[in-house]
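> If you want the building blocks of each chain, they are given just below.
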Amino acid sequence: MNGAALLSVEAVSVDLPTVRGNLRAVDQVDLHLAAGQTLGIVGESGCGKTMLSRAILQLLPKKAKLAGRVIFDGQDLAHCSAEALRKLRARSLAVVFQDPMTSLNPVLTIGTQLIETLQEHLELDAAAAKRRSGELLAAVGIPAPEQRLSQYPHQLSGGMRQRVAIAIALSCEPKLLIADEPTTALDVTIQAQILDLLAREQKRRHMAMIIITHDLGVVAGRTDDVAVMYAGRVVERAPTQALFKQMHMPYTEALLAAIPKLETAPHTPLPAISGRPPDPTRPLKGCSFSPRCRYAAGRCESEKPPLVPAEMAAHQYACFHPIRLAADATA
Amino acid sequence: MATLDLALEEEVVAALPARRKRRLGPVFWAAIAWMVFIFVAAIFADVLPLPSPTDMDMLNRRAPFSALHWLGTDGLGRDELARLVYGARISLIVGLGAPVIGVTIGGALGMLAGYFRGRFETLVVGSMDVLLAFPPLILALAVTAYLGQSILNLTCILGMLGIPAFMRVARAATLTLARREFVIAAQALGASHARILLRELLPNVMLPLLAFFLLGVAVIIVAEGALSFLGLGVPPPIASWGSMIGEGRESLDVAPQLAFLPAIAMFLTVLSFNLVGDTLRALTDPRQGAL
Amino acid sequence: MLGFVARRLLYLLPVLVAVSLLTFLIASLLPGDLAYVILGDQATPDKVAALRHDMGLDQPVLIRYLGWLWHILQGDFGRSFRTGQTVLQAVAERLPVSFELMILAELTGLVIGVPLAIVCAAKSGGAFDRFVTSTAFGMLSVPTFLSAILLIYLFAVELHLLPATGYVPFSEDPLGNLRFFVLPALTLALAEWPGIMRVLRSDMIATLQEDYIALARAKGLKPSRILFVHALKPSSLTLVTITGINIGRLIGGAVIVESIFALPGIGRLLVGAIYTRDLIILQGVVLLVAAGFVIMNFIVDMLYAVIDPRIRHGHA
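Chains as they are written, first to last, in our numbering: chain V, 1 to 331; chain L, 1 to 291; chain S, 1 to 316.
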């Protein structure tokens with residue numbers, strides 16, 4: 001099932017110089033993604049998941065320093081020429097941002113923003129590009145696509161705009177799509193539709209996908225693997241089913257517990273995680289989660305727990321006091 | 001940026017280079033040094049060992065640099081260096097006098113308008129708008145034409161033209177400050193309006209006004225220069241950098257230094273005031289700082 | 001929206017009236033006497049008194065103002081006693097020249113400022129950016145007449161490339177006409193481009209931080225396209241309005257330039273009127289220019305209001 005990895009993130013770290021010192025946004029992250037697979041990256045705001053996605057896309061802010069390797073389709077993206085990288089975009093690597101109101105250019109028509117991508121990478125002439133754009137909009141479920149081409153982003157609803165963004169991302173048949181919080185800015189009712197759309201298109205095109213979210217619920221059932229991030233590191237990684245069946249890292253457990261469930265009695269207070277993530281400019285010596293962890297003891301504060309495999313090799317966690325390790329082994 | 005976690009974004013923005021620190025660098029101090037130099041030269045012009053700026057030596061016109069005349073002579077044989085120094089005096093008298101008028105009257109009006117608000121404010125702002133309706137240079141020209149040319153007239157009219165700008169700065173500063181706690185506290189303690197204005201608001205409004213004042217000096221020096229250049233500023237034979245440039249224009253082909261020496265002096269002076277004023281403005285109101 | 005326009009219009013009228021009053025009052029502050037000036041060396045007490053009576057100068061200020069205003073509203077701005085032309089005729093003759101100067105100056109300023117702003121924004125913080133920004137700051141300290149002298153020295157005196165003064169109407173000799181405008185327009189442009197450059201650069205730097213630019217990069221579009229199509233368009237709003245304001249403001253700067261380069265425009269008309277004490281022209285021109293200024297500002301205010309809300313919606 002896991003063929004040669006399409007995407008290999010190897011010991012990637014992102015450092016940002018700030019007035020208060022160096023900010024380590026991403027700390028030695030390893031990831032692997034095979035073609036056609038979906039990876040979910042889950043974490044709170046500020047855990048570095050967006051910086052990680054930017055690192056993969058090579059869209060980091062100018063001041064950021066990237067260490068490690070990002071191997072995509074055999075090429076190290078960090079050491080590609082700018083022109084080679086540019087050609088790679090859209091055709092191999094595509095992205096959908098969180099807020100389609102700000103990720104679509106407000107003064108250009110939907111059509112222009114679709115057609116320019118097609119013309120740049122597929123070298124279609126204007127008429128062919130226009131036709132293809134219409135087809136793309138129809139494929140993502142936008143009614144009356146031809147009319148939309150001459151409209152501006154602010155004339156569409158939030159859900160439709162995100163569909164347009166998805167259409168743009170899919171337009172050149174990329175091998176990997178990174179969706180950064182694709183539904184966070186949308187109404188709850190639309191969220192499921194958009195996620196379904198992404199899943200459907202992914203299967204159809206046999207595309208690899210990374211879904212970045214703070215919501216564990218989003219990754220359940222829609223991803224093959226999940227990586228949980230906290231304070232810039234991956235703290236637990238597993239095939240999705242295995243993770244939900246038994247998580248080992250207290251943080252993951254806390255995340256899951258914080259999701260409101262239908263079965264809970266009404267007016268039950270949500271077990272939110274107390275405290276806040278550590279200041280990224282002042283990293284802790286020990287485990288970053290220890291101040292908030294109810295299992296924290298001794299070693300947790302002085303040493304950083306490494307990622308170690310559980311019984312199932314594909315399931316890794318970074319904790320000195322994992323939850324229920326001995327329990328099950330079967331997937 | 002929606003996709004970048006908020007906390008991170010603030011960190012990145014804070015990582016922008018601290019250009020503020022660079023402002024007080026050598027360039028700033030060079031500007032201060034020049035300003036001091038000009039001041040000293042202008043104040044002590046009479047005691048400096050210079051030939052008279054009005055003595056004409058008709059046999060020695062447009063002379064090149066020499067031991068007798070360090071910077072040569074102008075079209076009427078007058079010593080260039082002396083005229084430059086006395087020209088500095090004129091530029092500074094008008095350049096400082098006019099903004100003083102502007103900042104006292106405009107500043108006072110602005111503070112009062114921003115503090116008392118209501119109809120008084122509307123009246124003040126409205127009349128400033130009328131004044132601002134006239135292209136300033138044209139108004140200055142027209143008034144000096146009617147009233148005649150003299151240093152006093154020039155200073156007064158240029159001063160008056162500056163009143164709206166100072167009024168705006170003072171009013172804006174007062175509007176923000178008047179809502180702050182220390183004013184409300186003073187009012188609660190029963191302090192009189194005068195006390196609040198003078199002791200609470202004025203010290204705080206003064207800083208932005210000072211920055212603006214320096215910028216105003218630069219503007220006025222240029223305005224006086226322009227008017228004198230056209231022969232409509234300070235009356236001849238008083239030496240002013242502007243009139244010297246105007247006169248030097250005639251000799252551009254044979255003695256370009258006659259136009260360029262006062263030009264350089266004026267440029268350096270205006271630049272210095274602009275630099276210091278801009279730096280001050282950036283320090284006292286960072287959001288409005290120049291790029 | 002209509003209410004907004006009506007309110008601003010209502011505010012406009014008192015301002016115009018006040019402007020006319022102020023113009024007239026300045027004239028009546030004359031220490032000398034219009035009659036003396038007109039008669040010159042033919043003045044005797046009797047003649048002066050007679051002329052004053054003829055011209056209605058012996059009436060109270062308010063009456064004279066109202067009379068003058070009445071004439072103005074009928075389109076009669078008075079007649080120059082030097083040239084015999086009516087004020088309106090003189091202005092109509094000169095206006096095209098001033099307009100040509102102002103528009104050419106603003107265009108040249110844009111030609112210099114816009115490309116510089118784009119390059120600086122694209123490479124902001126770099127050596128080129130710092131150099132250009134410092135130069136722009138320095139340029140703001142160079143008065144218009146200084147630039148004029150410098151340019152005249154360089155191009156006319158040393159290089160003999162361009163004429164220092166003179167004018168020929170466009171209809172007579174288009175190429176020659178433009179030649180005469182090169183130095184004057186350039187002089188004014190040198191004062192205009194720093195402002196243009198700053199505004200566009202700052203807007204573009206802000207725009208380049210936007211998400212849609214990041215997405216454009218992620219789409220692998222050519223950098224030039226991102227810069228000129230995606231970034232420039234949303235950033236140009238302020239520039240467009242500033243350009244409008246600038247052209248209006250240039251009237252003041254044009255005065256100096258027209259005098260230096262001997263272009264027969266409104267500014268030169270004004271200065272000439274001052275030199276020759278032609279007070280009727282002076283009064284009329286000041287009023288027209290001031291009124292034009294006020295109306296120009298009013299139009300720009302309206303433009304802001306019209307363009308702003310629509311763009312505000314899309315500009316997050």
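It should be emphasised that the hints constitute simulated quantities derived from the structure, not laboratory data. Be a bit skeptical, because a hint or two may be false.
Lysine-lysine pairs mimicking DSSO-like chemistry, simulated, CA-CA at most 30 Å apart [as the list claims (entries may be wrong)]:
1. Lys123/S / Lys65/V
2. Lys304/V / Lys65/V
3. Lys47/S / Lys87/V
4. Lys130/V / Lys203/V
5. Lys222/S / Lys233/S
6. Lys123/S / Lys63/V
7. Lys245/V / Lys203/V
8. Lys62/V / Lys123/S
9. Lys65/V / Lys222/S
10. Lys63/V / Lys175/V
11. Lys222/S / Lys87/V
12. Lys62/V / Lys47/S
13. Lys285/V / Lys261/V
14. Lys233/S / Lys63/V
15. Lys123/S / Lys87/V
16. Lys233/S / Lys130/V
17. Lys130/V / Lys222/S
18. Lys63/V / Lys47/S
19. Lys47/S / Lys175/V
20. Lys175/V / Lys65/V
21. Lys62/V / Lys233/S
22. Lys203/V / Lys62/V
23. Lys63/V / Lys245/V
Nothing here was measured: the structure is a model prediction, and the numbers come from that model.
> Of all the hints numbered above, which does this structure not satisfy? Sort the numbers upward.
3, 12, 13, 18, 19, 22 and 23
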